[in-house]
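Peer 1: Single-letter residue listing:
Protein chains: 2
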Amino acid sequence: MKVNGQPYRTIWLKPGNPKTVQIIDQRHLPHAFVIEDLTHMEEAATAIKDMHVRGAPLIGATAAFGLYLAALHAPRGSEAAFNQAMQAAAEHLHATRPTAINLAWALNTVLAALEGVAGIEAKVAAALKTAEQIADDEAEACRMIGVHGVGLITRIAKLKGGQPVNILTHCNAGWLACVDYGTATAPVYAAHDAGIPVHVWVDETRPRNQGARLTAWELGQHGVPHTVVADNVGGHLMQHGMVDMVIVGTDRTTYTGDVANKIGTYLKALAAKDNDVLFYVALPSSTIDWELRDGMEIPIEQRGAEEVKHIQGLVDGEIKSVLLTPADSPAANYAFDVTPSHLVDALITERGICPANEEGILGLFPEKKK
Amino acid sequence: MKVNGQPYRTIWLKPGNPKTVQIIDQRHLPHAFVIEDLTHMEEAATAIKDMHVRGAPLIGATAAFGLYLAALHAPRGSEAAFNQAMQAAAEHLHATRPTAINLAWALNTVLAALEGVAGIEAKVAAALKTAEQIADDEAEACRMIGVHGVGLITRIAKLKGGQPVNILTHCNAGWLACVDYGTATAPVYAAHDAGIPVHVWVDETRPRNQGARLTAWELGQHGVPHTVVADNVGGHLMQHGMVDMVIVGTDRTTYTGDVANKIGTYLKALAAKDNDVLFYVALPSSTIDWELRDGMEIPIEQRGAEEVKHIQGLVDGEIKSVLLTPADSPAANYAFDVTPSHLVDALITERGICPANEEGILGLFPEKKK
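So the protein lines, in turn, are chains A and B. Under the working numbering, read the first sequence as residues 1 to 370, first letter to last. Under the working numbering, read the second sequence as residues 1001 to 1370, first letter to last.
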């Protein structure tokens, strides 16, 4: 998608320097657009762990490129030593964040590709090729989510006779969370680009404010009308008919349709159900956990209290962190919650739209049947 | 309640200077404890409008003291001119904030008291006496809410055999919102003071962070164990059995039991219902709107977008406001939402506990039957 009119992805190989991976360091958005060079696996791990990049699809792509960086610098003495280093790198990258299933999936995909070729330099090339393929596939999956999801918006637009379709989203499941297009935003961008009037209610998404910082920024860059609201507001908006549909992303979805997503998603799903508002989850199938039946078993990351107690913003032209709470008050920071499938009207995937249940999901992905 | 070990109310007559009213300017909490002098009605109106004071009971008490300040400075030429000035002052104070019913109630109570006495100086004395009576009555009502509500906590404490009772609260319905004790916090303080182990999950309460700033501060000052969480977290906590009960306050309650309270309360009520968690609303009867049947008719205040786009916190020893969103993203700021009575397990009032419906409420307040 475009930044200041120029098309970008969220991760790419540095032009003219294929040993360097570049990312947008999203910690500085919306106040500054900072591109970061990653030259070693450790930097990729830090970028994931400290959330220079975030969002399940982008975490996966960054981990894959991280393995490529590891391959560039792994010992060349023997293939066994190289393989051992790659295994250790994968474990290190895997330990960065616990909830997104894409992380393990991307790492396993790269490791499997390495097994398929002989010779260290061939393995390095395979690591790069696989990482690039993962990024391309993620972008294409998101594009297809837009293709399939836009019909849900146009249908409501027809009923509203020219009035904007009001879509509420939580966190950032935009192109900044993916490689391009976004998951929850893909249908929105597709509708907007097709001239269908849309307006997005952007949940602020405390504590890290990915909505207020990232979703608002990327929608603004693309010219999509939007309004930032505190996370507390969505229920009121739905009670008053001011939301036509909710679209969110997901960090991990069970094959039965339970959805782990940014903390607070569950509350919006309850409000949508209580007010007969459509609640959709948009996801590339890389986000589906084919082993897990019960969403309540998805590990929920707990992050540091300082993310709740402090917040970063712009003051006097500088990005600074301010203390919000009494200095000695404890804080807890659960990063995700689980929305049970019965609160989800449908899933929007790269292969189409399906009910949020085992039958619906396996109908679109029959090769996953056991 | 105590601040640095010394007992305070939230509003009082300045010792040695009965023509000055003092309040805690809550905008500076938790970072600084600032006492503000009010000498003119206009200052009381500003204190309400710009939220130096907030919370339905304290808004009412401040408005009453504001009328006393107006009386001190009203024209002495004729009783008619005096009365006219008082009427104008009441209208000015009434226009400060739209949602809390206590505001109109307190103003009408003072005006009625003035009608009951003859002579300007007698009216001034009556204004002061009535304002002080309103403050005393609010404090006593809150104390009684604690007396009645503590049993709900002790019952759960017994079942938990010494484990802390986990209580979630939203916004600040503490003593800072009232004159003393608080509404939602009154049972909590009563339990804590009785040696019953309690732990409070404090919703941050965006956009103005009354939970993170005020509730956390006053619980900390009183020594009550608590943890600050983002507003998004409550549903997850309830899904995992980490909340035994919710207690919130209210800015206006219909006589049928619908509850207007800080934006986001409705989302917590939905989560409580979905997880079989008890949901209580604590209120002095001054918060009940005896005219309104349907909570959806309660006027919901919209405040400025800057409260969403900026936030205030402590940085380098100074309280500063930082920008959170893209500078040109719009924001909406609905201050309250309405929780329908069917999501409320019971109301805790100064006269006892009752179901959140007309029969229950009129059972405790039979004099209000029409």
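Among the clues, some could well be false.
[As the list claims (entries may be wrong)] Capping the alpha-carbon separation at 27 Å, the derived lysine-lysine pairs in DSS-like fashion look like this: (1) B:Lys1320 - A:Lys320; (2) A:Lys19 - A:Lys2; (3) B:Lys1368 - B:Lys1129; (4) A:Lys129 - A:Lys19; (5) B:Lys1049 - B:Lys1320; (6) A:Lys273 - B:Lys1273.
Bear in mind the hints are in silico, worked out from the structure with no lab data behind them.
Peer 1: Now tell me if each hint is right for this structure.
Peer 2: Here's how the hints hold up against the structure:
1. B:Lys1320 - A:Lys320: The given pair, whose Cα atoms are some 10 Å apart, holds under the 27 Å limit.
2. A:Lys19 - A:Lys2: holds (25 Å)
3. B:Lys1368 - B:Lys1129: Holds: lysine 1368 (chain B) and lysine 1129 (chain B) sit about 25 Å apart, inside 27 Å.
4. A:Lys129 - A:Lys19: Holds, because 13 Å separates the two Cα atoms, which is no more than 27 Å.
5. B:Lys1049 - B:Lys1320: Distance of about 21 Å is within 27 Å: holds.
6. A:Lys273 - B:Lys1273: holds (13 Å)
When the structure is compared with the earlier hints, no violation turns up for any of them.
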